[in-house]
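Produce the entire structure from the sequences given, and follow the hints as far as they go.
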Amino acid sequence: MNAVIENLPRFIEAFGMTLWLLVLSGACALIIGTVIAAMRISPVPSLNVFASVYTELLRNTPLTLVLFFCAFVLPQLGSRLPYEWAAFLGLTLYTSPFVAEALRSGINGVAVGQAEAARSLGLGFMQSTTLIIFPQAFRMVIPPLINVLIALTKNTSVAGGFFVFELFSAAKELTNANGNAVIAILLAVAAFYLAVTIPLGILSARLEKKLAVQR
Amino acid sequence: MSASVLFDTPGPRTRRRSRIASVIVVLLIAAGLAWIIYTLAQPRDSSGITLPGYFDWSRWDIVVLADFWVRVWGGLRATLLAAAAGAVMALVVGVLFAMLRTSVFAAVRIPTTIVLEFFRGMPVLLMMLFILLVASTGAFWAVVLALGVYNGAIIGESLRAGLAALPRGQREAGLSLGLTGFQSKVFIEFPQAFRQMLPVIIAQLVVLLKDTSLGYIVGYNELIRTTMNNLGSSVGNRYLFSLFLVTLVIYLAVNLSLSAVARRVARRRNPGKVLPKDQITPTASISAVGMSNVNPEDQTTE
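Chains as they are written, first to last, in our numbering: chain A, 6 to 220; chain B, 22 to 323.
Read the hints as simulated data drawn from the structure, not as lab findings.
Here the structure is a predicted model, which means the values were calculated and not measured.
Ideal Cβ positions, reconstructed from N, Cα and C, are used throughout, including at glycine.
One or more hints might be untrue.
[Claimed, not checked] Some chain B residues near chain A, calculated using beta-carbon distances under 7 Å:
hint: 1; residue: A42
hint: 2; residue: V46
hint: 3; residue: F265
hint: 4; residue: L266
[What the hints assert, rightly or not] Estimated spans, in silico, between C-beta atoms of each pair:
hint: 5; chain 1: B; residue 1: A127; chain 2: A; residue 2: L205; range: 43 to 51 Å
hint: 6; chain 1: A; residue 1: A196; chain 2: B; residue 2: R38; range: 55 to 63 Å
hint: 7; chain 1: A; residue 1: A196; chain 2: B; residue 2: T30; range: 32 to 40 Å
Written out as structure tokens, the structure reads:
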């Protein structure tokens, strides 16, 4: 236990990095994912194809390989990104298709009669999507989107394998330095992760229940 | 028939406009790709020496060596082996968790719930490190055990959802036939829940296969570690990009074919239950996982 308390500043520093990665990549992945989802439902076929290729490609590549690309292959191609930004880039790229798919399944979850009713009232594509479909889809996608963010929180640990000092690297470093307190340190690191994932999970479950009643 | 209810069957003007937009987008994408390929093909300076571009044969000549492919296959086999062992374990753990989580005894149910939440909220990678350091099992078992427990927790949760979604009459019928509560759960409810949740489970197993790549970080010689680290250091850094492309293609081939299987299962389970026209977007292909109108892959945790 002493080893945990003594190294608390190190833990806090690492936790800050984890949160930085989570917030920044989460925000950017939400933006990119929304653009991809919009392409996916747009009437222009080439945008459809581009969006689905992007989604399938990134969803079927392991995160480790994406981060490897950003951290080690990109510098070979002339990038000078520091490792933190490489990890940010990799996590954003990897998370964005999951955001897009969550949005798309939310749109598919809106009853088809809603779209038909909107169309029969004479609303156009833009009107029926922005006024009828999206407001309803938006509520349905909040819980899945939170689940994507929970997964992202856990995924930030992979960045620890690529020279970013966050919670996982802190776990490695501190267990190396304090061989007698391995379990305490690992449990402390797990507690930091759980401090983010469990409240998010509760929020997601509560919202799901609340929105389900309203429908 | 229009492909989607969101917009009308396009008339000649809209078709023309959409075609023009399509052509512009294709041109933009093609220009982007061409720029990337051109940049990659340029020779580059590296600390005084000029190296050839990335498509030069001197960066690719290892792919004709049989020894190269033997080593790549070794890595792929290690990945598949860890995934297979992890999958078996995840299924066993998942069934166990689902049973305990739905137990009638609160003394069993509540601790199981806490343990499940703990496992689901923690990164797999941290669990691997935990097993590696505390149980000192060696990298292979660290990868397999962590993947098994983590994915088992997720599969257990989806099985529980499947059990909860069954009509009450199933259990009541079992009980009225004289089965005990446990028998009814094992013989009546569980097989149905399992079938119901099969697409989600298979999609989760695809995620498990992807996650074996975390072995790269904890020192298990799976595909990425074999190609990028071991092969990379023995053939030299100039092959790094080629090795990366080879690894990427292998992963895509394996994962896409497994995802295709998951989709087939999802479709066969509910033949014709959700017609394409019941969905708003035209590209949606799979859905109908039991009661919810959600793609099985969307319910997994990546």
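Those earlier numbered hints the structure runs against, lowest number first: 4, 5 and 7
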